[in-house]
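Engineer: Read off the chains here:
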Amino acid sequence: MLSCRRLRKTYVTERGAVTAVAGIDLDVEPGRFAAIIGRSGSGKSSLMAMLGGLSRPSDGTVTVEGIDIWRLSENALAAFRNGKIGFVFQFASLLPTLRLIDNVALPAMLGKRPAAADIYARASSLLGRMGLRDYLDAYPSEVSAGEQRRAVIARALINHPPWCWPTSPPPTSTSRPRSRSWTSFWASTARRARRSSW
Amino acid sequence: MAGDIRGVRWLLISLALQNLGRRKARSLLLIAAVAIGSAVVFTGATLMQSIDRSMSVGFTRMGADMMVVPEGALTNIAAALLVVEPTELVLDADALAKANLASVGRYAAQKIVRVEHSGIGSHHDSVDLIGFDPARDFTIQPWLAERINRGLQPGDVILGAERDAPLGSQLLIFGKPHTVYGRLGRTGVGTHERGVFMPFATLEALAAVIHGPMSGGGGAPPAALAPGKVTGFLVELAPGATALQARFAILSALSGARVVAGDTTLSGIRQGLAALLDGILALMALMFVSTALMVSVLFSAIVTERKGELGLLKAIGARRGQVIGMMVTEAVLATGVGGLVGVALGVLMLRLFERSLVYYLEKLGVPFVWLDTPRTIAFAVGAIVLASVIGALGVLYPAWRASRRDAYDLVRSEG
Chain H
1 MLSCRRLRKT YVTERGAVTA VAGIDLDVEP GRFAAIIGRS GSGKSSLMAM
51 LGGLSRPSDG TVTVEGIDIW RLSENALAAF RNGKIGFVFQ FASLLPTLRL
101 IDNVALPAML GKRPAAADIY ARASSLLGRM GLRDYLDAYP SEVSAGEQRR
151 AVIARALINH PPWCWPTSPP PTSTSRPRSR SWTSFWASTA RRARRSSW
Chain L
1 MAGDIRGVRW LLISLALQNL GRRKARSLLL IAAVAIGSAV VFTGATLMQS
51 IDRSMSVGFT RMGADMMVVP EGALTNIAAA LLVVEPTELV LDADALAKAN
101 LASVGRYAAQ KIVRVEHSGI GSHHDSVDLI GFDPARDFTI QPWLAERINR
151 GLQPGDVILG AERDAPLGSQ LLIFGKPHTV YGRLGRTGVG THERGVFMPF
201 ATLEALAAVI HGPMSGGGGA PPAALAPGKV TGFLVELAPG ATALQARFAI
251 LSALSGARVV AGDTTLSGIR QGLAALLDGI LALMALMFVS TALMVSVLFS
301 AIVTERKGEL GLLKAIGARR GQVIGMMVTE AVLATGVGGL VGVALGVLML
351 RLFERSLVYY LEKLGVPFVW LDTPRTIAFA VGAIVLASVI GALGVLYPAW
401 RASRRDAYDL VRSEG
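Going line by line, the protein sequences match chains H and L.
Under our numbering, the first residue of the first sequence carries the number 1, and numbering increases by one thereafter.
Under our numbering, the first residue of the second sequence carries the number 1, and numbering increases by one thereafter.
Any given hint might turn out to be false.
As the list claims (entries may be wrong) - Taking lysine to aspartate or glutamate and the DMTMM-like style, the derived pairs with C-alpha atoms no more than 25 angstroms apart in a straight line are: (1) L:LYS176 / L:GLU193; (2) L:LYS24 / H:GLU142; (3) L:LYS176 / L:GLU116; (4) L:LYS24 / L:GLU305; (5) L:LYS229 / L:ASP128; (6) L:LYS176 / L:ASP164; (7) L:LYS307 / H:GLU147; (8) L:LYS98 / L:ASP137; (9) H:LYS44 / H:GLU65; (10) L:LYS98 / L:GLU71; (11) L:LYS307 / H:GLU14; (12) H:LYS44 / L:ASP409; (13) H:LYS44 / H:ASP27; (14) L:LYS307 / H:GLU74; (15) H:LYS44 / H:ASP68; (16) L:LYS98 / L:ASP133; (17) H:LYS44 / L:ASP406; (18) L:LYS176 / L:GLU162; (19) L:LYS24 / H:ASP68; (20) H:LYS44 / H:ASP25; (21) L:LYS98 / L:GLU204; (22) H:LYS44 / H:GLU29; (23) L:LYS229 / L:ASP409; (24) L:LYS307 / H:GLU142.
It should be emphasised that the hints constitute simulated quantities derived from the structure, not laboratory data.
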């Protein structure tokens with residue numbers, strides 16, 4: 001279960017305090033899909049960042065699987081982000097100096113889970129499923145924006161995260177019908193990722 | 001093979017290396033700045049140590065702070081050392097021991113006899129035979145430029161720099177065989193450069209056969225060869241004692257003696273050099289701090305530029321230590337390479353120094369002793385390590401600050 005209570009985020013700017021998120025209560029059951037929608041600047045990203053352990057709330061609590069994540073130590077919070085959540089950011093988020101396969105393998109390498117060979121095998125498999133089998137050694141600058149975003153999805157799934165945090169629409173792909181909705185895309189992607197094993 | 005496997009450390013080092021490569025001009029400027037600093041530190045430290053050693057050896061070679069001779073004796077205050085000219089005037093060998101003066105640190109007695117027809121050099125060559133006490137001597141043995149590989153024994157002689165008999169060979173003095181034990185370096189004093197030095201016992205053993213100019217041409221042997229008599233003493237001041245204190249103490253304790261002090265300008269030069277070396281040390285410390293500050297400012301800018309990347313690393317689970325480690329690795333690589341280049345530059349500077357100033361100093365007879373190779377290598381390694389430490393210290397604060405920030409803030413603030 002993912003829950004938040006009285007979640008608040010206030011940014012201090014030169015023009016004074018700006019409240020981006022004002023007292024949100026939310027519960028999401030495991031296996032459910034929840035979409036947060038709203039107009040631009042309504043605080044969606046700030047809310048997602050607090051729920052995902054990326055941005056400390058000004059007030060309120062975030063509980064994931066019974067753990068108040070903002071009471072965790074720095075290293076424990078890093079481990080939480082690494083193992084529990086697969087982020088897909090809305091901005092270009094591949095490290096430009098690493099190959100696609102290194103980018104995908106990196107979260108698992110940071111988490112020191114299986115052996116490097118197993119991590120790279122899974123990274124290769126995930127990239128293959130995203131239609132990027134021929135680009136394992138390519139650098140981000142050598143592939144298109146859409147291919148980069150598919151690599152980001154592969155990276156988000158590398159550690160089998162129980163929670164997936166896509167903050168952008170699904171990428172277009174020649175291998176997937178364009179008519180598919182965003183939610184169903186993430187649902188099927190996550191299901192297939194979970195079924196796979198190391 | 002496609003998708004070669006890389007460890008996490010390799011990935012983070014690769015990130016650091018490639019980040020340096022992304023901004024080539026900036027990385028090269030950083031390396032150049034650190035290289036200059038390291039070259040100055042390495043060259044400065046090596047030269048300072050070499051000068052310090054040269055000063056130490058040089059001043060040890062000076063022999064003494066003052067000389068005690070019989071009143072009326074001829075003295076020669078050469079640039080490099082105090083020298084007493086041979087005369088028939090002598091002092092009691094135990095005069096200073098009996099006086100037991102607090103202002104006298106240590107002293108070395110010498111017996112000096114000028115002889116002709118000794119068998120050394122040409123027939124009428126005038127040679128100074130100089131006797132010393134090997135156990136107490138601190139004025140002759142420091143000048144040894146070369147010697148055979150054993151201790152000084154009775155029957156051994158040490159030659160002045162101008163005498164060219166090979167080490168270990170037999171030298172006949174008044175028909176008696178002596179072994180050439182060693183040879184002195186250049187002193188700049190002619191009588192010493194042509195002199196023959198030997199232990200008291202060896203010199204006294206020649207008393208019966210010496211009939212030199214001082215002996216009255218065939219009369220009694222020179223007075224200095226009489227047991228219990230010496231030509232003079234070379235004196236080193238006790239720590240903290242002044243030349244004036246020692247002079248008054250000696251003159252009041254020894255009747256018929258004369259005190260000759262060394263050239264005070266040498267002390268002035270020594271103090272001046274010591275102050276100069278302290279100044280260089282202070283400048284080097286300032287340079288170290290300013291380079292560390294420069295690296296810190298530069299890496300503050302680099303960290304600001306790469307907030308997005310650091311935020312992303314944090315978002316996917318990099319721990320603070322890993323984020324800081326990556327930045328420190330980057331800085332250490334850049335400044336370490338700078339240190340390496342700096343040492344290479346420093347070696348070139350030292351070669352230049354050797355071919356110019358040291359060459360002229362040695363031509364003037366001023367000794368310059370280079371630091372030994374192991375210590376020079378240690379200084380080179382030290383300069384490289386120091387450069388790396390500067391990088392690590394310089395980046396530590398900006399990296400630590402960035403690592404404290406929320407991942408989302410880092411990503412957002414990049415724009």
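Engineer: State for each hint whether it applies.
Structural biologist: Here's how the hints hold up against the structure:
1. With a C-alpha separation of about 22 angstroms, the suggested pairing of LYS176 (chain L) with GLU193 (chain L) holds against the 25 angstroms cut-off.
2. The hinted pair formed by LYS24 (chain L) and GLU142 (chain H) meets the criterion: a straight-line CA distance of about 21 angstroms does not exceed 25 angstroms.
3. A C-alpha spacing of about 15 angstroms is found between LYS176 (chain L) and GLU116 (chain L), which places the hinted pair at or below 25 angstroms, so the restraint holds.
4. Straight-line distance between C-alpha atoms of LYS24 (chain L) and GLU305 (chain L) comes to about 15 angstroms, which keeps the hinted pair within the 25 angstroms bound.
5. Among the hinted pairs, LYS229 (chain L) with ASP128 (chain L) is consistent with the structure: their alpha-carbon atoms are about 17 angstroms apart, no more than 25 angstroms.
6. Taking the CA atoms of LYS176 (chain L) and ASP164 (chain L), the gap is near 19 angstroms; set against the 25 angstroms cutoff, the hint holds.
7. A threshold of 25 angstroms between alpha carbons decides the hint, and for LYS307 (chain L) with GLU147 (chain H) the separation of about 24 angstroms falls inside it, so the pair holds.
8. Between LYS98 (chain L) and ASP137 (chain L) the alpha-carbon distance is near 18 angstroms, which keeps this suggested pair within the 25 angstroms criterion.
9. Distance hint between LYS44 (chain H) and GLU65 (chain H) is fulfilled; the C-alpha atoms sit about 22 angstroms from each other, no more than 25 angstroms.
10. In summary, the hint linking LYS98 (chain L) to GLU71 (chain L) is supported, as the alpha carbons are separated by about 19 angstroms, within the 25 angstroms threshold.
11. Of the pairs offered as hints, the one joining LYS307 (chain L) and GLU14 (chain H) holds, with about 21 angstroms between alpha carbons and a cut-off of 25 angstroms not exceeded.
12. Among the hinted pairs, LYS44 (chain H) with ASP409 (chain L) is consistent with the structure: their alpha-carbon atoms are about 15 angstroms apart, no more than 25 angstroms.
13. With a C-alpha separation of about 16 angstroms, the suggested pair LYS44 (chain H) and ASP27 (chain H) falls inside the 25 angstroms cut-off, and the hint holds.
14. For the suggested pair LYS307 (chain L) and GLU74 (chain H), the alpha carbons sit about 18 angstroms apart, so the restraint of at most 25 angstroms is met.
15. About 21 angstroms separates the Cα atoms of LYS44 (chain H) and ASP68 (chain H), which keeps this hinted pair within 25 angstroms; it holds.
16. Straight-line distance between C-alpha atoms of LYS98 (chain L) and ASP133 (chain L) comes to about 17 angstroms, which keeps the hinted pair within the 25 angstroms bound.
17. A threshold of 25 angstroms between alpha carbons decides the hint, and for LYS44 (chain H) with ASP406 (chain L) the separation of about 17 angstroms falls inside it, so the pair holds.
18. For a cut-off of 25 angstroms, the pair hint linking LYS176 (chain L) to GLU162 (chain L) stands: about 21 angstroms separates their Cα positions.
19. Annotation: proposed proximity of LYS24 (chain L) to ASP68 (chain H) is violated, straight-line Cα distance about 45 angstroms (limit 25 angstroms).
20. Distance check on the hinted pair: LYS44 (chain H) and ASP25 (chain H) sit about 14 angstroms apart at the alpha-carbon level, within 25 angstroms; holds.
21. Pair hint LYS98 (chain L) plus GLU204 (chain L) holds up; C-alpha atoms about 23 angstroms apart against a cutoff of 25 angstroms.
22. With a C-alpha separation of about 19 angstroms, the suggested pairing of LYS44 (chain H) with GLU29 (chain H) holds against the 25 angstroms cut-off.
23. Our distance criterion of 25 angstroms between C-alpha atoms is broken by LYS229 (chain L) and ASP409 (chain L), whose separation comes to about 91 angstroms.
24. About 23 angstroms separates the Cα atoms of LYS307 (chain L) and GLU142 (chain H), which keeps this hinted pair within 25 angstroms; it holds.
Checked against the numbered hints above, the structure breaks hints 19, 23 and satisfies the rest.
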